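> So the chains spell out like this:
Protein chains: 2
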Amino acid sequence: MGLLVVGSLGLDDVTTPFYKTENALGGAATYISIAASYFTSPIYLVGVVGEDFPKEYIDLLEKKNIDLEGLQIIEGGKTFRWAGKYHYDLNVRDTLLTELNVFENFDPVVPEKYKKSSYVCLGNIDPVLQMKVLVQMIDPKCVVCDTMNYWIERQKNELLELLKKVDILIINDSETRLLANEPNLIKAAKHILDFGPEIIIIKKGEHGALLISRDTIFSAPAYPLESIYDPTGAGDTFAGGFIGYLHKTQDLNIDNIKRAVIYGSTMASFCVEQFSTKGLEEIDYLRVNDRYREFLNLSKCNEL
Amino acid sequence: MGLLVVGSLGLDDVTTPFYKTENALGGAATYISIAASYFTSPIYLVGVVGEDFPKEYIDLLEKKNIDLEGLQIIEGGKTFRWAGKYHYDLNVRDTLLTELNVFENFDPVVPEKYKKSSYVCLGNIDPVLQMKVLVQMIDPKCVVCDTMNYWIERQKNELLELLKKVDILIINDSETRLLANEPNLIKAAKHILDFGPEIIIIKKGEHGALLISRDTIFSAPAYPLESIYDPTGAGDTFAGGFIGYLHKTQDLNIDNIKRAVIYGSTMASFCVEQFSTKGLEEIDYLRVNDRYREFLNLSKCNEL
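Read top to bottom, the protein sequences are chains A and B. Note that this note's numbering has the first sequence beginning at 1431, numbered continuously upward. Note that this note's numbering has the second sequence beginning at 1431, numbered continuously upward.
No wet-lab data here; the hints were simulated from the structure. Treat the hints loosely; a few may be bogus.
Same chains, same label: a pair holds when it works inside one copy or across any pair of copies.
DSS-like cross-link-like pairs, simulated, lysine-lysine; straight-line CA separation at most 30 Å [said to hold, decoys possible]:
1. Lys-1595 - Lys-1546
2. Lys-1730 - Lys-1571
3. Lys-1730 - Lys-1688
4. Lys-1545 - Lys-1485
5. Lys-1620 - Lys-1730
6. Lys-1617 - Lys-1450
7. Lys-1450 - Lys-1620
This structure is a prediction, so every number in the text was calculated from the model and none was measured.
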C-alpha cells in the first residue's frame, strides 16, 4: 500500500538576505511527498490547489511517483499563498502574508484506493482537516502528525482531540513548550505524551532533533551546513524523510525509528541548501545514504 | 604536574524564578577547579579574593585538593561580585551587577611549582590577565581558554593576541558568531581556527556542544534534564570537566578529546541541578561515570 500524505500545497514568495523568489512551489504536503519519494512509492497525496497552480509543479510531483488522484484542482480557485522574510542569521522569519484561498472551503476526500494505507502523514494544516482525513482511513498502523503554533493557539481543543489518534507527533521546540505550557523541554514533551502520542519528535533546526517516548530519549545532531540558503520547508522535509523511511522499511521498532529521525534530518539538510524544493529535486538515494553516514559519524564517540 | 587554572573567584547573588541566593560561591576558576577535581589532582589555582571571602569557601576548595598557593587574599580588599537574574525559562538572564573589586588591580603571580604544568585552563577573565599568566608558564602542552562577549566587545585585540597561543577555545554559540562576525556557526568556527586555536568547542546550553577542528566536527548532546535550578557556572564547569579529564588521561588524540567533551557536559549537567557549586559538591566518580554512559547512549543509533 502507498504512503498517505495530506497537507498544504502552495505558492510561496520568500525573501532571504541572499535571494527573493516568487510563486515558488511550497506547502507542507509538497515537501513531505517529494522527500518521502526518495524512499518509497507510491505516495498518495490528498490536498487542494487552484486553477492557477502551474502545470510544471504538477509534472514535478508526478515525476516523483506521487499519485495525484486525491488532489483537488478547484476551477476558478486560487492556490494557498504564503510570503515570508528571513532575517540575516536565517533563524528568525516574519510571515508577511498567509492566504488560505482554496483551503478555506477544503473538504478532503480520500480516494478508495488510498484508504487502506497503513502509514499516514498528517502534514501541517488545520487539525480539523487532519481529522477529516484520518477518519476516512481504515485502521492505519502509524499516524505521524505535524502542527505549528498557529493551530496550537487557535484550535487547541481540536488539536488535542486529534492527538488522541496520533502515534508520532513532530513539532518544534517552542511549539512543544507552548502546547504543554511548560518551559522545560523534557517535561513539556512528557506532558504531551499524556495527550496520546507514543513518541514526540522535537525539531530544533540548527540544533538537531530530539526523540522522546516514555522510556527513550534520543538526540540527533544537525548537519553542520556552511551554506543555508532557504530554511522554508525544512520541517516538512524532515517529516517526509522520516515517514518515507519508515514506510520503506515497515519496521516500527525504536531503533528503526531513530534511524528514521536521522534520515529525516538528512533530507532536511538537502532542503535548506537551495530555494523552494530545488534542493530535493536533483539528489539520488546514493547521496542521501552518504549524508546519512556522515550524520551517524557526527555524534560518534569511540569508547575506550 | 598539577593542572593550572586561572580565573575569577567571586560572590554571587543569583535570582531564579524558584530561589534567591546571596553571597554564594561563584567565579569561573571556582567552578573549573571543583569540576576538574573529580578527575585529577592537584589543581593549581591562580586567582585573587578579598578579605571578605568566607573561610568556608576556602575550606571547600582545599577539601577538593585544590592548591591555593597561587590564590592572593588582599587585605582590606573586596572579592569580585556578580548579581544576575534568570527569566522563567532559564535560557535568558540579566546581569544586574558586576563589581571587579580586587580584580581591578590583580597582578597574577604564578608560583614556581606551578610553572611547569603542561595543562593550563585560562578561565573567563580579562584576556590581558590570561596572557599575564600564560607567559609565566614554561612550555605548556595544552592551553584551553574560555572567554565571553564582554571581552570580545571590549578587548578584541588583546583576545586575538592571546588566541595565537591557545590550543582549544571554549566559547558559546552567540560569542562564536560575534568573534568571527559571521552568522553561520560552522563558518564562524572555521574562521576562528585561523586566529590560532586548533579546536573550537561551542557550548550550546540545552542544545549540547559542538567540537570543530580543521578536519573533524563532533556533535555532543545535552543531558535531558527535567530539573534545572541554576545555570550559573555551567560553562565553567564544562571547561573544568573537559580539562580535568584530559589532564587525568594525558591523551590529546581527537577521540579522547571527544570523550572529554562528554565528560565536560556531564559535569555541567550536575552543576545546573542545584544552586551555586552545590551540585558539584556531593557527587562521586561513580555517579559521574554513570551519567557519562547515559550521555553516550543518548546519541547512539544502532546501524542495521
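> Compare the structure with each hint and give your call.
Now the hints, each set against the structure:
In this homomeric assembly, Lys-1595 and Lys-1546 come within 30 Å of each other (Cα to Cα) only inside a single copy, at 16 Å, whereas the closest approach across copies is 65 Å. In the homo-oligomer, the alpha carbons of Lys-1730 and Lys-1571 lie at most 30 Å apart only across protomers (26 Å), although the nearest pairing inside one protomer, at 32 Å, exceeds that limit. Taking identical chains as interchangeable, the C-alpha atoms of Lys-1730 and Lys-1688 lie at most 30 Å apart whether they share a chain (15 Å) or sit on different chains (9 Å). In this homomeric assembly, Lys-1545 and Lys-1485 come within 30 Å of each other (Cα to Cα) only inside a single copy, at 27 Å, whereas the closest approach across copies is 74 Å.
Taking the closest pair of Cα atoms, Lys-1620 and Lys-1730 come within 30 Å of each other both inside a single copy (27 Å) and across two copies (21 Å). In this assembly of identical chains, the alpha carbons of Lys-1617 and Lys-1450 lie at most 30 Å apart only when taken from different copies (23 Å versus 39 Å within one copy). For the homomeric pair Lys-1450 and Lys-1620, the shortest alpha-carbon distance between copies (28 Å) is at most 30 Å, but the shortest distance inside one copy (40 Å) is not.
Violated hints are absent here; each numbered hint is respected by the structure.
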